[in-house]
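A.B. asks: Here's the letter readout for the chains.
Protein chains: 2
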Amino acid sequence: MAKNRLTTEEFKNGILAGEKSVLGRAITLVESKSVDDRKLANALVNSILPYTGKSFRLGITGAPGVGKSTFIDGFGEFLLNIDKKVAVLAIDPSSKISGGSILGDKTRMEKLVGKPNVFIRPSPAGIELGGVAQSTLESILLCEAAGYDFVVVETVGVGQSETAVKEMTDMLLFLSIAGAGDDLQGIKRGIMEMIDLVVINKSDQIEKEILGEVKSNFAHALHLFPPRAAKPDVEILSCSALNATGFDEIGQFISSYHQKVSRNGFFEENRKAQKISWMNRSLIHLVENHIQNNDKLKVNVQKFESLVSDNKLSPLDAARQIFELLNLV
Amino acid sequence: MAKNRLTTEEFKNGILAGEKSVLGRAITLVESKSVDDRKLANALVNSILPYTGKSFRLGITGAPGVGKSTFIDGFGEFLLNIDKKVAVLAIDPSSKISGGSILGDKTRMEKLVGKPNVFIRPSPAGIELGGVAQSTLESILLCEAAGYDFVVVETVGVGQSETAVKEMTDMLLFLSIAGAGDDLQGIKRGIMEMIDLVVINKSDQIEKEILGEVKSNFAHALHLFPPRAAKPDVEILSCSALNATGFDEIGQFISSYHQKVSRNGFFEENRKAQKISWMNRSLIHLVENHIQNNDKLKVNVQKFESLVSDNKLSPLDAARQIFELLNLV
Numbered sequence: 041m042a043k044n045r046l047t048t049e050e051f052k053n054g055i056l057a058g059e060k061s062v063l064g065r066a067i068t069l070v071e072s073k074s075v076d077d078r079k080l081a082n083a084l085v086n087s088i089l090p091y092t093g094k095s096f097r098l099g100i101t102g103a104p105g106v107g108k109s110t111f112i113d114g115f116g117e118f119l120l121n122i123d124k125k126v127a128v129l130a131i132d133p134s135s136k137i138s139g140g141s142i143l144g145d146k147t148r149m150e151k152l153v154g155k156p157n158v159f160i161r162p163s164p165a166g167i168e169l170g171g172v173a174q175s176t177l178e179s180i181l182l183c184e185a186a187g188y189d190f191v192v193v194e195t196v197g198v199g200q201s202e203t204a205v206k207e208m209t210d211m212l213l214f215l216s217i218a219g220a221g222d223d224l225q226g227i228k229r230g231i232m233e234m235i236d237l238v239v240i241n242k243s244d245q246i247e248k249e250i251l252g253e254v255k256s257n258f259a260h261a262l263h264l265f266p267p268r269a270a271k272p273d274v275e276i277l278s279c280s281a282l283n284a285t286g287f288d289e290i291g292q293f294i295s296s297y298h299q300k301v302s303r304n305g306f307f308e309e310n311r312k313a314q315k316i317s318w319m320n321r322s323l324i325h326l327v328e329n330h331i332q333n334n335d336k337l338k339v340n341v342q343k344f345e346s347l348v349s350d351n352k353l354s355p356l357d358a359a360r361q362i363f364e365l366l367n368l369v
Numbered sequence: 041m042a043k044n045r046l047t048t049e050e051f052k053n054g055i056l057a058g059e060k061s062v063l064g065r066a067i068t069l070v071e072s073k074s075v076d077d078r079k080l081a082n083a084l085v086n087s088i089l090p091y092t093g094k095s096f097r098l099g100i101t102g103a104p105g106v107g108k109s110t111f112i113d114g115f116g117e118f119l120l121n122i123d124k125k126v127a128v129l130a131i132d133p134s135s136k137i138s139g140g141s142i143l144g145d146k147t148r149m150e151k152l153v154g155k156p157n158v159f160i161r162p163s164p165a166g167i168e169l170g171g172v173a174q175s176t177l178e179s180i181l182l183c184e185a186a187g188y189d190f191v192v193v194e195t196v197g198v199g200q201s202e203t204a205v206k207e208m209t210d211m212l213l214f215l216s217i218a219g220a221g222d223d224l225q226g227i228k229r230g231i232m233e234m235i236d237l238v239v240i241n242k243s244d245q246i247e248k249e250i251l252g253e254v255k256s257n258f259a260h261a262l263h264l265f266p267p268r269a270a271k272p273d274v275e276i277l278s279c280s281a282l283n284a285t286g287f288d289e290i291g292q293f294i295s296s297y298h299q300k301v302s303r304n305g306f307f308e309e310n311r312k313a314q315k316i317s318w319m320n321r322s323l324i325h326l327v328e329n330h331i332q333n334n335d336k337l338k339v340n341v342q343k344f345e346s347l348v349s350d351n352k353l354s355p356l357d358a359a360r361q362i363f364e365l366l367n368l369v
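Protein sequences, first through last, are from chains A and B.
Each position in the first sequence, counted from 1, maps to that position plus 40 in our numbering.
Each position in the second sequence, counted from 1, maps to that position plus 40 in our numbering.
It is worth saying that the hints were derived from the structure and are not from the lab.
Please read these numbers as outputs of a predicted model, since none were measured by experiment.
Each residue gets a CB set at the ideal place from its N, CA and C atoms; glycine is no exception.
The reader is advised that the hints may include incorrect statements.
[As the list claims (entries may be wrong)] Pairs of lysine-lysine residues, derived as DSS-like cross-links and limited to a Cα-Cα distance of at most 25 angstroms, are as follows: (1) A/Lys73 <-> B/Lys352; (2) B/Lys338 <-> B/Lys94; (3) B/Lys338 <-> A/Lys312; (4) A/Lys352 <-> B/Lys228; (5) A/Lys312 <-> B/Lys352; (6) A/Lys52 <-> B/Lys352; (7) A/Lys343 <-> B/Lys312; (8) B/Lys271 <-> B/Lys248; (9) B/Lys352 <-> A/Lys94; (10) A/Lys255 <-> A/Lys125; (11) B/Lys336 <-> B/Lys73; (12) A/Lys352 <-> B/Lys336; (13) B/Lys352 <-> A/Lys255; (14) A/Lys312 <-> A/Lys125; (15) A/Lys271 <-> A/Lys248; (16) A/Lys343 <-> B/Lys94; (17) B/Lys343 <-> A/Lys79; (18) B/Lys336 <-> A/Lys312; (19) B/Lys52 <-> A/Lys352; (20) A/Lys79 <-> B/Lys151; (21) B/Lys94 <-> B/Lys52; (22) A/Lys151 <-> A/Lys52; (23) A/Lys352 <-> B/Lys312; (24) A/Lys271 <-> B/Lys228; (25) B/Lys343 <-> A/Lys312; (26) A/Lys352 <-> B/Lys94; (27) B/Lys52 <-> B/Lys73; (28) B/Lys300 <-> B/Lys312; (29) A/Lys94 <-> B/Lys125; (30) A/Lys343 <-> B/Lys79; (31) A/Lys338 <-> B/Lys52; (32) A/Lys155 <-> A/Lys125; (33) B/Lys52 <-> B/Lys151; (34) B/Lys300 <-> A/Lys336.
[To be verified] Covered by chain B, per the in silico footprint, the following chain A stretches (three or more residues, Cβ under 8 angstroms): (35) 95 to 105; (36) 116 to 124; (37) 148 to 158; (38) 175 to 186; (39) 240 to 253; (40) 322 to 330.
This is chain A alone, in the form it adopts within the complex (with noise of 0.2 angstroms):
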């Protein structure tokens, strides 16, 4: 970031402008770990706070496999048609793991890419999951202060990298396919409570009774969780996002989904919800990080750690303990 660094004020001039590039730099800025840029990233998101939340934020999740990229760049392309400026993120705390095959290969969404009301950005690669996920949701801050009006934040349903999708989005989208096995697999890992909304991709290639099968098995699933008064009823919709097919149902659905939300407050009260636990959340990861990386209380740490360990304090007590060396105001 060193060479040719942008001001803030130049940051926040270009991304009011919906200048591509410097959007693209402002969110490599967010995600830079050195403590210059996070103070100039801090001034920057702060400065163009006034010009966000006006966007509506999907969450797409599903195995790999199922056909994300594709559906992203298909149903993008529908989304392009009905007037909407389109930003994709990833968030994707294993892209050190598997090379950053999320989004890594931007070519994967040829309808979207170079289209004028399109911004792709991929995932950052090699950052813990507290770490992306907050870059992530400063990258939605100032894509919607550069006039992107829905964003699509894509993730692979890995740890807990879901929830942290569904904490900084409006609606939950989970794409599936036949015979994946995703109902039983979604509620095992905890997200069938979270998803708004069930798509089955690729439903040009399976019989009509099968694609019946899947969508009710996914209805039973569903069925176990207590009803939504808030939100709407989960829908289970289908689609091929190769052949561009049931994007106008799944447009429908989002856009009422939309409308209920907003006009029964609960749009608000959730996006209010969100800001606040992540300002928590955020405190409490910066405390850990505090107390990992600071070289007097690791060491007295490591020391409580011991004496726990050989049963020679208790580590309720121990934590006591550390807790008054913290010394806290």
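Model the placement of chain B on the given structure of chain A, informed by the hints.
C.D. replies: Frame of chain A, contents of chain B only:
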């Protein structure tokens, strides 16, 4: 605790001598929220630590109505007959709401109540989970110092109580009955992957075929999770707690489980990891409490919450500013 207050030494000696009344008062002490009691509790728990760790700690969970009390009563008697000293504790964050039904009526354990080698402690009512869980962990230690070599920790499956019990015991037993649909509910609640043994209770009341079906449903549900390297495969057994049938098999499984994890080192490793994890969680808990209860901070946190809600400050920057207010060493 003010009147007839014992000293640390008196507490310790009474506990090591196996005096139940002193043990009971010591548990009341660790459950107390008073600052003075807490200091005495810390000193006491630290002083008895060398005498702890020698029990087998069995967590028991299951939905209301599956017969947990009857099971503990019957299986406890089985344990007494093989010369175990049995302590029964409960962890129940909902006891305030439900009126303290869990172990609230000690007389429900007719076979155990009043026996010399048995100690039963009802759930502490009206404290939040963090507090309950911590005092239960300390109660386990006190029971061990008093010579109880089999500690049963009962929980109703509410919120995070099962996770808390899992994190303070050596083995988690899931009690169920036919027709409870617990195989799916268990996956949904995310506890299936924590379970070490499933026991279908009231097996005398169901047909053999149905029992087989229930067992195979559980086997199917458990099959969704990866194989266990360090721990024996989960078994699905059955019993009639009321008629005291099936206990032999359960006792044998627990015994062979204990042997396997002791030999391969998992038992000790897991205990150590549990202690470190309690230390870390207690620390975070203390920091959170501090932030919530410090008047000066509280005002600031509320100010930041407003700024964040109104898009005047980014959640992450607000967290950073609160973090700076903490003025950590």
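A.B. asks: Does A/Lys94 pair with B/Lys125 here, judged by a C-alpha cut-off of 25 angstroms?
C.D. replies: Roughly 64 angstroms separates the two Cα atoms, so the pair is violated.
A.B. asks: Please verify the coverage claim for the region 95 to 105 of chain A: does it have three or more residues whose C-beta sits within 8 angstroms of some C-beta in chain B?
C.D. replies: violated (count 0)
A.B. asks: So if I understand the rule, the pair passes when the alpha-carbon distance is 25 angstroms or less; does A/Lys312 with B/Lys352 pass?
C.D. replies: Within the cut-off at roughly 12 angstroms; holds.
A.B. asks: So if I understand the rule, the pair passes when the alpha-carbon distance is 25 angstroms or less; does B/Lys300 with A/Lys336 pass?
C.D. replies: 40 angstroms, violated
A.B. asks: Check whether the Cα positions of B/Lys271 and B/Lys248 lie no farther apart than 25 angstroms.
C.D. replies: 29 angstroms, violated
A.B. asks: Hinted pair, alpha-carbon criterion (25 angstroms max): B/Lys336, A/Lys312. Please report holds or violated.
C.D. replies: The hint holds at about 23 angstroms.
A.B. asks: Is the hinted pair A/Lys271 and B/Lys228 satisfied, with a Cα-Cα distance of at most 25 angstroms?
C.D. replies: Given pair A/Lys271, B/Lys228 holds - Cα atoms ~20 angstroms apart, limit 25 angstroms.
A.B. asks: Are B/Lys338 and B/Lys94 close enough, with their CA atoms no more than 25 angstroms apart?
C.D. replies: Judged against 25 angstroms, a Cα distance of about 43 angstroms means the pair is violated.
A.B. asks: Per the coverage rule (Cβ-Cβ under 8 angstroms, at least three residues), is the region 116 to 124 of chain A covered by chain B?
C.D. replies: n = 0 at 8 angstroms, threshold three: violated.
A.B. asks: With a cut-off of 25 angstroms on the C-alpha distance, tell me whether A/Lys338 and B/Lys52 pass.
C.D. replies: 33 angstroms, violated
A.B. asks: Has the given pair, A/Lys352 with B/Lys228, been kept, meaning a C-alpha gap of at most 25 angstroms?
C.D. replies: 39 angstroms, violated
A.B. asks: Would you check chain B against the region 240 to 253 of chain A, counting CB to CB pairs closer than 8 angstroms, and say if three or more residues qualify?
C.D. replies: It is violated, with 0 qualifying residues against the three required.
Checked against the numbered hints given earlier, the structure breaks hints 2, 4, 8, 10, 12, 13, 15, 20, 22, 29, 31, 33, 34, 35, 36, 37 and 39 and satisfies all the rest.
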